[in-house]
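J.: What follows is each chain in one-letter form.
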Amino acid sequence: QVQLVQSGAEVKKPGASVKVSCEASGYTFSSYAIHWVRQAPGQRLEWMGWINTDNGNTKYSQRFQGRVTITRDTSASTAYLELSSLRSEDTAVYYCARDEGLTALDFWGQGTLVTVSS
Amino acid sequence: DIQMTQSPSSLSASVGDRVTIICRASQSISSYLNWYQQKPGKPPKLLIYPASSFHSGVPSRFSGSGSGTDFTLTINSLQPEDSATYYCQQSYTAPYTFGQGTKLEIK
Numbered sequence: 519q520v521q522l523v524q525s526g527a528e529v530k531k532p533g534a535s536v537k538v539s540c541e542a543s544g545y546t547f548s549s550y551a552i553h554w555v556r557q558a559p560g561q562r563l564e565w566m567g568w569i570n571t572d573n574g575n576t577k578y579s580q581r582f583q584g585r586v587t588i589t590r591d592t593s594a595s596t597a598y599l600e601l602s603s604l605r606s607e608d609t610a611v612y613y614c615a616r617d618e619g620l621t622a623l624d625f626w627g628q629g630t631l632v633t634v635s636s
Numbered sequence: 003d004i005q006m007t008q009s010p011s012s013l014s015a016s017v018g019d020r021v022t023i024i025c026r027a028s029q030s031i032s033s034y035l036n037w038y039q040q041k042p043g044k045p046p047k048l049l050i051y052p053a054s055s056f057h058s059g060v061p062s063r064f065s066g067s068g069s070g071t072d073f074t075l076t077i078n079s080l081q082p083e084d085s086a087t088y089y090c091q092q093s094y095t096a097p098y099t100f101g102q103g104t105k106l107e108i109k
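Going down the list, the sequences are from chains U and L. Residue 601 in our numbering sits at position 83 of the first sequence, and the numbers go up by one each step. Residue 46 in our numbering sits at position 44 of the second sequence, and the numbers go up by one each step.
Treat the hints as calculated values from the structure; they're not laboratory data. Every value quoted in this text rests on a predicted model; they were computed, and no experiment measured them. It is possible that some hints are incorrect.
[Unchecked claim] Each pair of labels, with its calculated beta carbon distance range:
id, chain 1, residue 1, chain 2, residue 2, range
1, L, Ser14, U, Asp591, 43 to 53 Å
2, L, Pro82, U, Asp591, 41 to 51 Å
3, L, Ser9, U, Ala594, 36 to 46 Å
4, L, Arg20, U, Ala594, 39 to 49 Å
5, L, Ser79, U, Ser543, 32 to 42 Å
Think of the CB as a built atom: it goes at the ideal place given N, C-alpha and C, for glycine as much as any other residue.
Modelling step: build the complete structure from the supplied sequences, incorporating the hints.
T.: Written out as structure tokens, the structure is:
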């Protein structure tokens with residue numbers, strides 16, 4: 519069965535960077551894009567960017583341009599989200615999700631809580 | 003960016019009722035509209051895409067319609083397990099924005 523398993527919770531200080539992993543199983547990793555979406559406490563879902571897992575091409579939301587990097591390791595069937603220059607407003611649950619082909623996100627990771635606090 | 007607005011923000015209904023949630027886009031998105039269900043502490047689950055196609059395993063009491071800027075999610079014969087927050091998302095163009103959510107409470 520399709521599974522996306524994310525790395526564990528992180529606590530970071532303002533100005534630091536965080537890298538979250540998303541390991542896929544149960545399907546051919548390079549056949550489906552991976553998106554990253556975050557959700558701050560009590561807030562709506564916010565799309566951050568996506569990666570074509572086959573060729574590594576990426577597209578990011580302008581809101582995070584310059585601070586976000588999405589990469590993948592096809593040998594490990596794993597996608598990564600790195601967010602730099604963290605501030606308190608980046609405290610959120612970060613999700614990876616598989617793109618079924620029409621930019622509908624059909625399988626999601628369990629979420630990774632990133633807390634930014636001094 | 004395309005703005006997605008849902009109404010109502012919350013609603014309360016009884017088991018067996020029919021409920022409708024509206025999602026409006028700030029510009030035309032053709033039929034590129036997805037619906038998700040999210041329960042507390044869990045990731046969202048895809049229900050419907052784009053606009054009216056069912057994701058595998060989604061009960062037939064859920065249905066979606068619309069195109070252009072106006073879309074609806076309808077839940078027929080409401081069940082206790084339908085208590086959740088529902089989000090629409092446009093998949094027309096990046097950034098793939100979400101609505102603010104509609105919290106559905108079962109009385």
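J.: A separate judgement is required for each hint: does it hold in the structure or not?
T.: Going through the hints against the structure:
1. Evaluation of the 43 to 53 Å hint for L:Ser14 and U:Asp591 yields a pass: the beta carbon distance comes to about 46 Å.
2. Distance hint check for L:Pro82 and U:Asp591: the Cβ-Cβ separation is about 42 Å, which falls inside the suggested range of 41 to 51 Å.
3. Look at L:Ser9 against U:Ala594: about 43 Å separates their beta carbons, and that is inside 36 to 46 Å.
4. The given range of 39 to 49 Å is respected by L:Arg20 and U:Ala594, whose C-beta atoms sit roughly 47 Å from each other.
5. Distance hint check: the CB atoms of L:Ser79 and U:Ser543 are about 36 Å apart, consistent with the given range 32 to 42 Å.
Violated hints for the displayed structure: none, as all numbered hints are satisfied.
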